[in-house]
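Got chain A sorted already, so can you dock chain B onto it with the hints?
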Amino acid sequence: MAKDDLDEFDVDITKCMHCGACVGSCPVNAIYLNEVVLEFNDNCNMCKRCIKVCPVGAIKIAGGR
Amino acid sequence: MPEYDVVVVGAGPAGSMTAKWAAKGGAKVLMIEKRQEIGSPVRCGEGISRSWLDSVGIKLDAKSVAWQVKGAKIVSPNGTKFTLSEKMAGNEVGLVLDRVFFDKLLARDAVKAGADLQLKVSAVGLLRSGNKVTGVKVRSFGETKDIKCGCVVGADGYESQVGRWADINTSLAPRDITSCFQYRLTNIDIDYDYCEFILGAKAPGGYIWIFPKNQDTANVGLGIQLTKLKDPAEVKKYLDKYIQGDPRLKKGKALEMVSGAVSICAPIDKTVADGVLLVGDSARQIDPITGGGIANSCKAAKIAGEVLAKAVKERNFSEKSLQRYEKGWRDILENGLYRNWMAKEKLVTLSDDTLNKVINTLNEVGVEKMSAFAILKAIEKRHPDLVKDFQEFL
Numbered sequence: 520m521a522k523d524d525l526d527e528f529d530v531d532i533t534k535c536m537h538c539g540a541c542v543g544s545c546p547v548n549a550i551y552l553n554e555v556v557l558e559f560n561d562n563c564n565m566c567k568r569c570i571k572v573c574p575v576g577a578i579k580i581a582g583g584r
Numbered sequence: 142m143p144e145y146d147v148v149v150v151g152a153g154p155a156g157s158m159t160a161k162w163a164a165k166g167g168a169k170v171l172m173i174e175k176r177q178e179i180g181s182p183v184r185c186g187e188g189i190s191r192s193w194l195d196s197v198g199i200k201l202d203a204k205s206v207a208w209q210v211k212g213a214k215i216v217s218p219n220g221t222k223f224t225l226s227e228k229m230a231g232n233e234v235g236l237v238l239d240r241v242f243f244d245k246l247l248a249r250d251a252v253k254a255g256a257d258l259q260l261k262v263s264a265v266g267l268l269r270s271g272n273k274v275t276g277v278k279v280r281s282f283g284e285t286k287d288i289k290c291g292c293v294v295g296a297d298g299y300e301s302q303v304g305r306w307a308d309i310n311t312s313l314a315p316r317d318i319t320s321c322f323q324y325r326l327t328n329i330d331i332d333y334d335y336c337e338f339i340l341g342a343k344a345p346g347g348y349i350w351i352f353p354k355n356q357d358t359a360n361v362g363l364g365i366q367l368t369k370l371k372d373p374a375e376v377k378k379y380l381d382k383y384i385q386g387d388p389r390l391k392k393g394k395a396l397e398m399v400s401g402a403v404s405i406c407a408p409i410d411k412t413v414a415d416g417v418l419l420v421g422d423s424a425r426q427i428d429p430i431t432g433g434g435i436a437n438s439c440k441a442a443k444i445a446g447e448v449l450a451k452a453v454k455e456r457n458f459s460e461k462s463l464q465r466y467e468k469g470w471r472d473i474l475e476n477g478l479y480r481n482w483m484a485k486e487k488l489v490t491l492s493d494d495t496l497n498k499v500i501n502t503l504n505e506v507g508v509e510k511m512s513a514f515a516i517l518k519a520i521e522k523r524h525p526d527l528v529k530d531f532q533e534f535l
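Protein chains in written order, with this note's numbering: chain A, 520 to 584; chain B, 142 to 535.
If we strip away everything but chain B, and leave its shape as in the complex, we get:
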């Protein structure tokens, strides 16, 4: 008899939410985390919208929210700002998290729901009998052991191993990878009521973000498409150069450095196998335009947890049984991911000159809602030539 019904590898938002909803449904769940602390080191810009939190049952506590903003500003290469106010953007913009606390909050929710949790435990392989996955091999404090279970959940982030071990193709093309670097800068002079997105050749194929953490501190980072990089360590150099050229940031000092990569791909073909399920970054569920993954991960994870609870009751962790998760997350996320991936493929080709015209146009016509579609529609009204490459979206 296996020790656990479900072992979740990785205690980020995707892992904790899967563990919580599976445990809530009666599954015997173990969540393992290779690091010594949940939520740290942070690998995130920490800006989220608040619209989706209720739907997945997250109640934020005071410490998890570092800052609340009134809206977002999109900045053109020549420095023109287009402001999306809270009213225009609805619930779409709003919060800058403190992931060190947020991730622990979600892990606590999982534990409260009945999940077991162990830190500094690394998954190093899957256990199999024939084609069937029967558990996970782990290493912790120098010891290797086998943990038997019905289903292994890969919530192991960008660098996911679980999917690869299960022969699920999660590999990425270079154009679908963004390399990122971020400082938490203090002693800066920013408009702390807004999150800022700076477009153009200062961050080729990506953008620079400034997400306020308080009056004089912000996460300042950038992502660059891998195909646009030439030399090693260029990502950090691009960011250092930008900061030196922005008078608001020039005097800033870093309290923290973050590096990482983000997938900006189209939805992958498959996220389940016999006894294996992938969720979050490991399932490549990140929004290809913004690089944001928390909302999508949590939405998919709730479905994953609910499907796993059913699978436990039926004692059936076959690929067919887990297809309910595959279908469930695709029903709510797949179209949007695909559409945004197509849009991303076009956006990365726009020149600074075109981006300047786009932002000017947005200021002329205004936008009702913060979505790629609403923005393209608004531009089409005034300057159809600027969006002619995007006809298939309109």
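Bound conformation, chain A alone:
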């Protein structure tokens, strides 16, 4: 996917508990919690599993797609 699409992923830092549920569930290793802050890279294939697994709903796609 294009790097631009990644900008559409939106992590609500007021909701994120930094638990790593999305990181360990990502099938393509596109999310990192290396320094306790979530980062996405361009491996992302928009499977949206991270959105589903997040216990508090902190990840969404901008524009509500």
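One or more hints might be untrue.
[Claimed, not checked] Below, a list of computed lysine to aspartate or glutamate pairs in the DMTMM-like style, where the Cα atoms sit at most 20 Å apart: (1) Lys-461(B) x Asp-308(B); (2) Lys-534(A) x Glu-375(B); (3) Lys-567(A) x Asp-410(B).
Think of the hints as simulated: they come from the structure by calculation, not from any bench.
What follows is chain B alone, placed relative to chain A:
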């Protein structure tokens, strides 16, 4: 000459136990932890059995144990309880930990054994020369540096990166992932002598747990299988709904919130590579039925540490050398993990109606021991139809 023989990434129970047993055996060990405090934030229900602690050399101190219980209650969807007393359950139930202290206790044991320990150091990649892993790249307080070593241990938990960097397949299918949320609730009115496991559609494909921390406080949480989730933030909503509907918990206030995910998969194919070894959650060694990982992690970690100490003496961190760990942990854990994964695959399909019948039957026939096998055997005696899908276990 590398600075360290072994660098352990992650200072949870798996990391500290690996570091301790490797250092005890003469290895020069560094353990790094990305967080600013060991044991915090807690990501755990904290209930464990006590039967295995001696075998891995853990001597609990007073602060590490928050509470001791007499047994466990399994609760059916209609609210019927089946009680496993301490006598029936043997050593299988018993302790609710305080992970903030427990994890530090294990880290202290590692340091006492000779391991070096650094906090707020994040692993960000592996160092390689050709195919061989020669160390780990870390970042700490804005600076990046290389640490050379013979073997990198991935004890980096559910979100493990070390395994992925080493091309070890740790990826999980959605049905093998449980999404969890927990409150530490105070001002509640529970039977504090028992850990409770509540089954059924209130926590689809998982369960609700109530693990007492003292007379009026407990870890109240739930896990739901990822395939059973539809909307974002549903896990927290399921828990809030349950708490509101349970008169014992309704007035409770949260002292702490915990979220996380747990693997409930079959054993993965491979946990070692040239110069890399995975242990604990990162090696997917969690019990697929209970979601409990501390006991398995510590058992595997002791073996890992002992194998690493030997590998240091032989100066051989090849995959072949580390196979002794692969074989060692599989000898004690693999069959149980596989059996429980198969059982989990069946359990998640049971309707509330069937679960009610199962708990009723358990109350009628009783169970000698707390194991999936003993429970299925007991049910088979009275109602073979309820366990017909589980024939391969019996």
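Which numbered hints fail | Hint 3 is the one this structure does not satisfy, whereas the remaining hints hold.
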